[in-house]
Each structure stands twice: as C-alpha cells, then as structure tokens.
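K.L.:
Protein chains in written order, with the working numbering: chain A, 1 to 434; chain B, 1 to 434.
If you're looking for bench data, these hints aren't it; they were derived computationally from the structure.
Because the structure is a prediction, the values reported are computed rather than measured.
Beta carbons: idealized from backbone N, C-alpha and C, even for Gly.
Take the hints with a grain of salt, since some may be wrong.
Only some residues are given here: those of chain B computed to face chain A with a beta carbon under 10 Å [what the hints assert, rightly or not]: (1) E98; (2) A102; (3) L120; (4) N271; (5) T358; (6) S360; (7) L362; (8) N384; (9) F389; (10) R422; (11) V425; (12) A434.
Chain B is nowhere near these chain A residues, computed Cβ spacing over 12 Å in every case [claimed, not checked]: (13) R46; (14) D86; (15) D342.
Here are the computed distance ranges between Cβ atoms for each label pair [claimed, not checked]: (16) A:K317 to B:A40: 46 to 52 Å; (17) A:G76 to B:P117: 35 to 41 Å; (18) B:F202 to A:A78: 36 to 42 Å; (19) A:D57 to B:R115: 41 to 47 Å; (20) B:R280 to A:S113: 55 to 61 Å; (21) A:R229 to B:R64: 43 to 49 Å; (22) B:L331 to A:T14: 32 to 38 Å; (23) B:G119 to A:V269: 18 to 24 Å.
This is what each chain is made of:
Number of protein chains: 2
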Amino acid sequence: MRGLERAMSPTQDTLPARMRAIAEAARDAARRLSHAPTAAKDQALRAGARAILARQDGILAANREDLAAARAAGQGAAYLDRLALDPRRLADIAASIEAVAALPDPIGEVTDSWRRPNGLLVKRVRIPLGVVLMVYEARPNVAAEAAALCVKSGNAAILRPGSDALRSSLALVAAFGEGLAAGGLPAAAAQVVPTPDREATFALLQLDDLIDLAIPRGGPSLIKAVAERSRVPVVKHYMGVCHLFLDATARVDQAVALALNGKVQRPGVCNALECLLVHRDAAPALLPAVGQALAGAGVELRCDPTALTILSRAGVKGVPAAPEDFGREFLDLVIAVRVVPDLDAAMDHIARFGSLHTESILTRDLESARRFEREVTASAVIINASTRFNDGGELGLGAEIGISTTKLHAFGPMGLNELTTRKFVVEGDGQTRA
Amino acid sequence: MRGLERAMSPTQDTLPARMRAIAEAARDAARRLSHAPTAAKDQALRAGARAILARQDGILAANREDLAAARAAGQGAAYLDRLALDPRRLADIAASIEAVAALPDPIGEVTDSWRRPNGLLVKRVRIPLGVVLMVYEARPNVAAEAAALCVKSGNAAILRPGSDALRSSLALVAAFGEGLAAGGLPAAAAQVVPTPDREATFALLQLDDLIDLAIPRGGPSLIKAVAERSRVPVVKHYMGVCHLFLDATARVDQAVALALNGKVQRPGVCNALECLLVHRDAAPALLPAVGQALAGAGVELRCDPTALTILSRAGVKGVPAAPEDFGREFLDLVIAVRVVPDLDAAMDHIARFGSLHTESILTRDLESARRFEREVTASAVIINASTRFNDGGELGLGAEIGISTTKLHAFGPMGLNELTTRKFVVEGDGQTRA
Numbered sequence: 001m002r003g004l005e006r007a008m009s010p011t012q013d014t015l016p017a018r019m020r021a022i023a024e025a026a027r028d029a030a031r032r033l034s035h036a037p038t039a040a041k042d043q044a045l046r047a048g049a050r051a052i053l054a055r056q057d058g059i060l061a062a063n064r065e066d067l068a069a070a071r072a073a074g075q076g077a078a079y080l081d082r083l084a085l086d087p088r089r090l091a092d093i094a095a096s097i098e099a100v101a102a103l104p105d106p107i108g109e110v111t112d113s114w115r116r117p118n119g120l121l122v123k124r125v126r127i128p129l130g131v132v133l134m135v136y137e138a139r140p141n142v143a144a145e146a147a148a149l150c151v152k153s154g155n156a157a158i159l160r161p162g163s164d165a166l167r168s169s170l171a172l173v174a175a176f177g178e179g180l181a182a183g184g185l186p187a188a189a190a191q192v193v194p195t196p197d198r199e200a201t202f203a204l205l206q207l208d209d210l211i212d213l214a215i216p217r218g219g220p221s222l223i224k225a226v227a228e229r230s231r232v233p234v235v236k237h238y239m240g241v242c243h244l245f246l247d248a249t250a251r252v253d254q255a256v257a258l259a260l261n262g263k264v265q266r267p268g269v270c271n272a273l274e275c276l277l278v279h280r281d282a283a284p285a286l287l288p289a290v291g292q293a294l295a296g297a298g299v300e301l302r303c304d305p306t307a308l309t310i311l312s313r314a315g316v317k318g319v320p321a322a323p324e325d326f327g328r329e330f331l332d333l334v335i336a337v338r339v340v341p342d343l344d345a346a347m348d349h350i351a352r353f354g355s356l357h358t359e360s361i362l363t364r365d366l367e368s369a370r371r372f373e374r375e376v377t378a379s380a381v382i383i384n385a386s387t388r389f390n391d392g393g394e395l396g397l398g399a400e401i402g403i404s405t406t407k408l409h410a411f412g413p414m415g416l417n418e419l420t421t422r423k424f425v426v427e428g429d430g431q432t433r434a
Numbered sequence: 001m002r003g004l005e006r007a008m009s010p011t012q013d014t015l016p017a018r019m020r021a022i023a024e025a026a027r028d029a030a031r032r033l034s035h036a037p038t039a040a041k042d043q044a045l046r047a048g049a050r051a052i053l054a055r056q057d058g059i060l061a062a063n064r065e066d067l068a069a070a071r072a073a074g075q076g077a078a079y080l081d082r083l084a085l086d087p088r089r090l091a092d093i094a095a096s097i098e099a100v101a102a103l104p105d106p107i108g109e110v111t112d113s114w115r116r117p118n119g120l121l122v123k124r125v126r127i128p129l130g131v132v133l134m135v136y137e138a139r140p141n142v143a144a145e146a147a148a149l150c151v152k153s154g155n156a157a158i159l160r161p162g163s164d165a166l167r168s169s170l171a172l173v174a175a176f177g178e179g180l181a182a183g184g185l186p187a188a189a190a191q192v193v194p195t196p197d198r199e200a201t202f203a204l205l206q207l208d209d210l211i212d213l214a215i216p217r218g219g220p221s222l223i224k225a226v227a228e229r230s231r232v233p234v235v236k237h238y239m240g241v242c243h244l245f246l247d248a249t250a251r252v253d254q255a256v257a258l259a260l261n262g263k264v265q266r267p268g269v270c271n272a273l274e275c276l277l278v279h280r281d282a283a284p285a286l287l288p289a290v291g292q293a294l295a296g297a298g299v300e301l302r303c304d305p306t307a308l309t310i311l312s313r314a315g316v317k318g319v320p321a322a323p324e325d326f327g328r329e330f331l332d333l334v335i336a337v338r339v340v341p342d343l344d345a346a347m348d349h350i351a352r353f354g355s356l357h358t359e360s361i362l363t364r365d366l367e368s369a370r371r372f373e374r375e376v377t378a379s380a381v382i383i384n385a386s387t388r389f390n391d392g393g394e395l396g397l398g399a400e401i402g403i404s405t406t407k408l409h410a411f412g413p414m415g416l417n418e419l420t421t422r423k424f425v426v427e428g429d430g431q432t433r434a
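Construct the entire structure; sequences and hints are all you get.
P.N.:
Encoded structure:
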C-alpha cells in the first residue's frame with residue numbers, strides 16, 4: 001500500500017525508484033500471501049468478484065474514458081472491441097474469479113516424499129513463485145483474471161496494462177482490492193502500475209531481486225521487447241504456427257471436420273490451424289473434399305504446386321503459396337497447404353516451421369501415431385483431434401493464465417500449478433553429514 | 001559435427017556465426033536425441049566412460065598444459081587444485097558417468113493422465129529441454145558430468161569452460177564423443193566451445209531460438225554476467241547464505257553437532273552454514289557450548305552484542321560483527337552469530353538476509369517446526385538436520401547438475417528430471433471443439 005501510494009505520487013522519486021517501491025510492496029505482500037489460509041484467499045476472491053459487480057458504474061465510466069482516448073488515437077474496431085467492457089463482460093469477469101475461488105488450492109501440496117537410509121524424510125512441497133509481473137495490452141479482463149489466479153496460488157501480482165487499458169485496469173483492480181481487504185489479505189497482493197510511461201515496464205523488468213516471473217501477453221513485438229530487455233525470468237506466450245498432418249490413412253470426413261474446426265471456428269487465436277500437410281498417397285482422395293470445405297467457409301488456400309494441381313483438377317480454388325507462407329501465423333481465414341511424401345517429411349516440416357505450440361496428426365495407423373507422439377516437440381501434440389483443444393479449460397486445468405511456448409518451467413497452458421514451484425523440506429532428528 | 005568443424009576453423013566466419021553453427025548442430029543433435037532409445041544412451045555413456053580411461057594419457061597431457069598456463073598466469077593453489085586432473089580423478093569422472101547410465105531414463109514418463117468428458121485422453125509426457133548451455137569455470141570434470149546428465153535426459157550439451165580449462169575439457173569431451181559414436185548418437189550431442197574468446201559466451205547467450213537453457217556454475221561475477229546478458233532462460237546456481245536457527249527448545253548436543261557439521265565439515269561449499277541465529281531464551285544455555293565447539297574447530301565468531309556478551313562471560317572468544325557480516329557467504333571458517341527474541345524475528349532475519357538456498361531450524365516444539373516449514377522460503381527448508389544435506393546425492397536424486405536458487409523451473413538440486421519439461425499429448429478419435 002505504501003509502495004502504491006509512493007508510485008502514484010509523481011512529484012516524488014524517479015521512475016525506477018517508484019517501480020522498485022511497487023515491487024517491494026509486492027514482495028512483502030507475497031511473503032504474507034505465501035502461507036495465507038485457503039479460506040482467506042477464497043473469501044477475498046469472492047468478495048472481489050462481488051465488489052466488481054457493485055462498482056460496475058465506476059468501472060464502466062473508466063472504461064468509457066479509455067475507449068474515448070483509444071478511439072481518438074485512431075485504434076481500429078477489433079482493438080476497441082478487445083478494450084470494451086459492458087455489464088455482461090463484467091459479469092463474466094466476476095464469474096471467472098468465482099471459478100478460480102472454487103478450484104483446489106495448490107499451495108502446500110506434497111508432490112513427492114521419500115525416506116533416506118539415514119532416516120531423513122524428504123518432501124517436495126508446492127509453494128508460490130512469489131511476485132508475478134503480468135504485461136498485457138488492451139484486454140482489461142486480463143487484470144482481474146490474472147490477479148485472481150495469482151492470489152489463489154499465493155503470489156502477488158503486478159499488473160502492467162497497455163496505456164489504453166490503464167483506467168479500466170485501475171478501476172477493476174481497485175474493486176478487486178476491496179475483496180482482498182475483506183479476506184484480510186494485503187492490498188499490494190494485486191497492484192496496477194499507475195503510469196502509462198513505457199519505461200515503467202523496462203524498469204520493472206530489471207528487478208530480478210524482487211520479481212520472480214514476467215509473463216508478457218500480447219503481440220509478437222511486445223513479447224520480443226519484454227524477452228530482450230528482461231533480467232526477470234520470462235515465460236513467453238508466443239505465436240502458434242499450428243499444423244495438421246493428414247496421414248495416408250486419414251478418413252475424409254474426419255479430415256474435413258478437423259481442418260474446418262481448426263481454421264474456421266476462431267481463426268484469430270493462437271491454437272487455430274495455420275498449415276495443412278497432406279500425405280502424398282492420400283492427397284488425391286483428401287484434398288478436394290478438405291479444400292472445398294475450407295474454400296466454402298471463405299478460407300484462402302495458399303498451396304504448394306502439387307496441392308494446387310490436385311485442387312484445380314477438382315475445381316477448388318487455391319493460390320500459389322509464397323515461401324514465407326510456411327511458418328506463418330495468419331490469424332485469419334488463410335491456410336497454407338503442402339503435400340509431403342511421408343510422415344518423416346511432415347515431421348521435418350513441423351520441426352522447421354512450427355512454433356512449439358500445437359501440432360496434430362490425423363491417422364488410423366498405429367505406428368504413425370506413435371512416432372508423431374514421440375518425435376514431435378510442441379507444448380501439445382494432438383492425435384486425431386482439433387488443435388483448438390490446446391487450452392487450459394478444454395484440457396481440464398481450470399482457468400489458465402496463458403499458453404507457454406517456453407519449454408522451461410511450464411510448457412503449454414499455465415494453470416494454478418504452473419504459478420507455483422516446489423521447495424524441498426527435510427525432516428530429521430539431528431542428522432549430520434558424514 | 002559440421003558445426004564443430006566450422007567453429008574450429010578460425011579463418012572462416014565471424015564469432016557469432018561460428019557460435020550459431022555450434023548451436024545449430026546442437027539443435028539438430030537434440031532432435032535425434034529426444035527420442036533415442038534408453039539402451040543407446042546408456043551404451044554411449046558407458047562407452048564414453050571407458051574411452052575417458054583409455055585416453056587417460058592424452059587427457060592428462062592436455063590438463064598439464066592447462067595447469068602450466070594457469071600457473072604462469074599467477075593462479076593460486078586452490079584454483080590450480082580445482083583445475084588439476086589425475087588418474088584417480090579421471091576414474092571418479094568415469095564412475096560418475098557410469099552412475100548416470102545406471103539411473104532410470106526420465107524421458108517418456110507419463111506424469112499425469114486424465115480423460116475429458118468428450119472422450120479425449122490428456123497425458124503429460126516428460127521430454128528433454130533440447131539444448132543446454134553449461135557455462136563453468138575451472139573444474140574440467142563439470143564438462144564430462146554435465147554432458148552425461150544431458151545425454152541421459154535426451155538433451156544436447158554445449159559446454160563452455162573457463163579459458164584455463166579449455167584444453168582439458170576438449171580432451172575429455174573428445175573421449176566422451178567416442179562413446180556417443182559407439183551408441184549411434186550424434187557427435188554434436190556434446191560439444192565444447194573451442195575458443196577462449198570471452199565474447200563467445202555472450203554470442204551463445206543471444207541464441208534463444210536455438211538454446212533452451214543456460215546454467216552458469218561458478219562465482220557470483222560469472223553468474224551475474226550470464227544472467228544480465230542472456231536472452232536464453234537462465235537457471236542460476238547462486239550463493240548460499242545458509243542459516244541455522246536454534247529455537248528455545250533446542251538440545252545442546254544437537255545444536256553443537258549441527259553447527260559444527262554445517263560450518264566445519266566443508267566450509268567452501270554453498271550449503272555450508274554462514275549464520276547462527278539463537279533464541280534469546282536458550283542463548284545462555286546453548287551459545288557457550290556451541291561457541292566453544294566452533295572456536296575449538298578454528299571458526300571465527302562474528303557476533304551481535306548480546307551474543308558477544310554471553311560468549312565472553314563463558315570465556316569463548318568472539319569478535320563484534322560488522323553490519324555486512326549478516327547476509328554474507330564467507331565460504332571460510334567464519335560464522336555470523338545473532339541472538340533473536342523469537343521465531344518470528346528469526347524468520348524475518350532469514351527473509352531479509354537469506355539467499356533462498358538452505359535454511360534450517362533445530363527445535364523440539366511442534367508449532368515452531370510447522371511454522372518454519374510453512375513460512376520460510378528456500379530451495380531446502382531443513383528441520384533438525386544439517387544444512388549440508390541440500391545436495392542431489394544426499395537427498396536421493398542421483399547425480400545433480402547443480403543447485404538452483406532460481407524459483408522458476410527447478411528450485412534446489414537439479415537432477416535428471418530437472419533437465420526435462422513436459423508436453424501435453426492429447427488422444428482423440430476425431431473430436432472438434434464446440
């Protein structure tokens with residue numbers, strides 16, 4: 001609280017000193033949160049969700065100011081839509097905080113335990129990471145949902161919105177903070193960095209003595225800037241260049257269903273399909289039907305020469321792919337298509353062009369499935385299902401804070417457990433080392 | 001292999017290009033290693049251990065050159081001892097590689113698995129990290145032992161010795177490479193960076209598209225330099241400012257045993273004891289005996305005023321502590337001593353001055369033990385045993401690659417499991433997302 005007040009007083013201190021005060025307040029809060037009772041955390045979350053609904057008018061007023069400024073700055077409709085709040089979206093935010101409260105508390109779980117020959121009992125016990133810095137862009141709901149996940153997992157959250165979402169984030173987290181007070185938890189458990197100054201982010205990213213993890217969520221340029229300038233460990237939630245390989249034994253109806261669902265259901269997200277690889281032996285049977293379905297849904301097919309020939313013979317429209325269309329995240333109704341000689345060529349393509357996010361195969365051949373599962377590296381390897389399932393909710397983790405494409409610490413959807421680490425606890429009765 | 005040849009050809013390419021070639025060769029090797037059969041890996045390790053013994057003369061000759069150069073550069077005796085190899089140390093290295101071969105293979109382990117309502121089977125499967133960069137100083141055994149741990153866990157290792165250990169490391173890893181060939185594994189699974197140029201390290205640390213993890217092992221300045229300049233994720237093996245809190249109920253004989261073992265058995269290591277905290281109520285009973293034992297073992301006691309008074313009354317020699325003696329890693333026969341009013345003060349002291357490495361309590365009080373276990377954050381929290389047990393071998397993890405003081409990914413001793421990550425594998429029969 002002291003840190004936040006200091007940070008909000010622009011006449012005082014330099015920007016790095018203000019950011020350090022925020023991080024110190026977070027660190028102190030984290031120490032208390034680390035062993036807060038589950039009931040106190042859940043009470044705080046539920047009270048926070050109620051306060052967000054009770055403070056709805058003020059939050060929406062702040063959001064209107066953010067929207068007006070963003071509109072004046074010339075932001076487009078899609079951007080404004082991500083920024084906008086309304087009563088329904090606030091109800092969704094409150095519901096997602098309630099859902100986090102209902103999840104089991106990961107802290108204190110003994111994940112392993114064994115006894116040593118000298119009688120020592122060794123346990124590995126789940127503990128919070130400490131202080132988590134969330135750097136995001138326009139979506140104000142990230143503030144409240146990330147704060148809820150952090151508090152439930154015993155971490156203090158520092159929330160760093162894009163400047164367009166600053167007023168909305170401050171208003172949301174102020175309401176959430178009423179909940180923290182109701183649960184007897186420190187207000188600095190969830191702080192919004194109260195300045196639009198871009199340098200604030202980089203000042204925070206120097207504080208590796210106080211901040212344990214930085215999670216950037218947003219476009220590639222944000223993620224790159226954070227990763228390049230951070231001394232704090234970063235878990236990147238990077239782009240998804242997701243492939244579907246249709247093996248020689250793939251069924252036509254399933255190929256159509258998976259391609260459509262992967263590409264069309266929600267093309268703007270990271271687990272959407274960006275490239276179709278088709279086994280040469282099955283391409284004449286599969287590609288016309290799959291291509292027709294995709295084209296019928298308004299998808300542009302950017303094809304290698306073989307795929308283009310097969311499609312054009314079947315009367316399906318495609319265009320020649322440029323070299324840069326492979327390995328590209330379109331996030332749009334566009335897909336790259338390539339015919340490959342075999343499974344090895346498909347896996348070589350994925351190793352070269354994939355982004356470690358989500359890779360899938362459709363096959364009825366046991367050996368193909370086994371090899372794809374074993375040999376493909378990605379946060380999710382999917383056999384005979386849509387790439388769209390690489391999502392914390394769909395995989396059953398509960399709420400997620402994002403999908404990590406960094407192999408270290410967490411790979412794939414990050415739920416509550418991924419906001420924790422484990423310490424060793426050793427219980428003895430006076431043992432010394434020989 | 002191609003990468004290594006290019007890197008060793010000084011007439012060709014810039015330093016960054018040569019480092020990229022090494023990292024690309026490692027990445028390609030890692031892809032093959034990631035699903036290499038356990039038997040092939042174990043065969044490679046055992047053959048590598050044999051080759052190190054068979055090539056003993058050449059390795060020792062290279063080591064003599066390293067030693068001569070280090071001696072000429074004015075390095076002290078302790079440094080030269082860390083650098084030196086002899087037949088017995090080579091036998092130890094070979095034995096430790098054999099021991100890694102005998103450990104269970106972590107790769108492919110399904111650590112969790114559940115079925116979703118829509119029939120999808122979700123599994124979390126252990127996979128290698130990919131490419132691991134080990135940056136170390138004088139000890140050439142690190143090269144062979146880190147290479148063995150990496151290969152067993154399916155990772156490719158890039159080994160970056162201090163310039164004084166370069167010839168020894170090259171000779172050791174050349175012999176180890178004969179083993180890789182015998183197991184049918186790629187030579188680039190273990191590469192030594194073949195140049196003493198300091199910039200090579202920083203060039204490698206830029207390659208976050210090719211290298212998955214950097215582990216610096218050495219003094220604080222090395223670790224700081226790596227952490228500050230790396231884009232590759234770093235797991236730090238930083239210093240250990242380890243405390244022992246003697247609670248009001250501590251037994252005198254156990255207090256003496258734990259203090260002596262922690263401080264005297266091997267004072268130069270990171271899990272050695274650096275600071276003794278003593279409960280006020282027990283200080284008159286405990287401190288004279290503990291102080292006498294430590295002083296008798298040649299330990300200098302740097303004390304706060306209360307401790308100094310108690311010790312001098314008992315005729316035990318101490319000196320006043322300077323403020324900077326608290327939070328200091330002496331790595332020597334020196335210990336800081338402080339009397340604290342209660343458990344909370346002890347935990348406050350540890351939160352302020354500890355380095356997250358190893359923290360211990362000696363108590364017979366259940367509530368003190370429980371609170372210390374729950375409220376103290378450190379890679380190992382030890383109740384009624386010596387801090388010296390925070391070690392992979394002692395805790396039963398098998399060989400360790402170091403002790404992480406970074407909370408992310410691995411906290412505490414890093415064994416084979418900590419050189420892996422987990423991917424999600426999703427098995428369906430055509431499911432699409434609604």
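K.L.:
Need the list of violated hint numbers for this structure, in ascending order.
P.N.:
1, 2, 20
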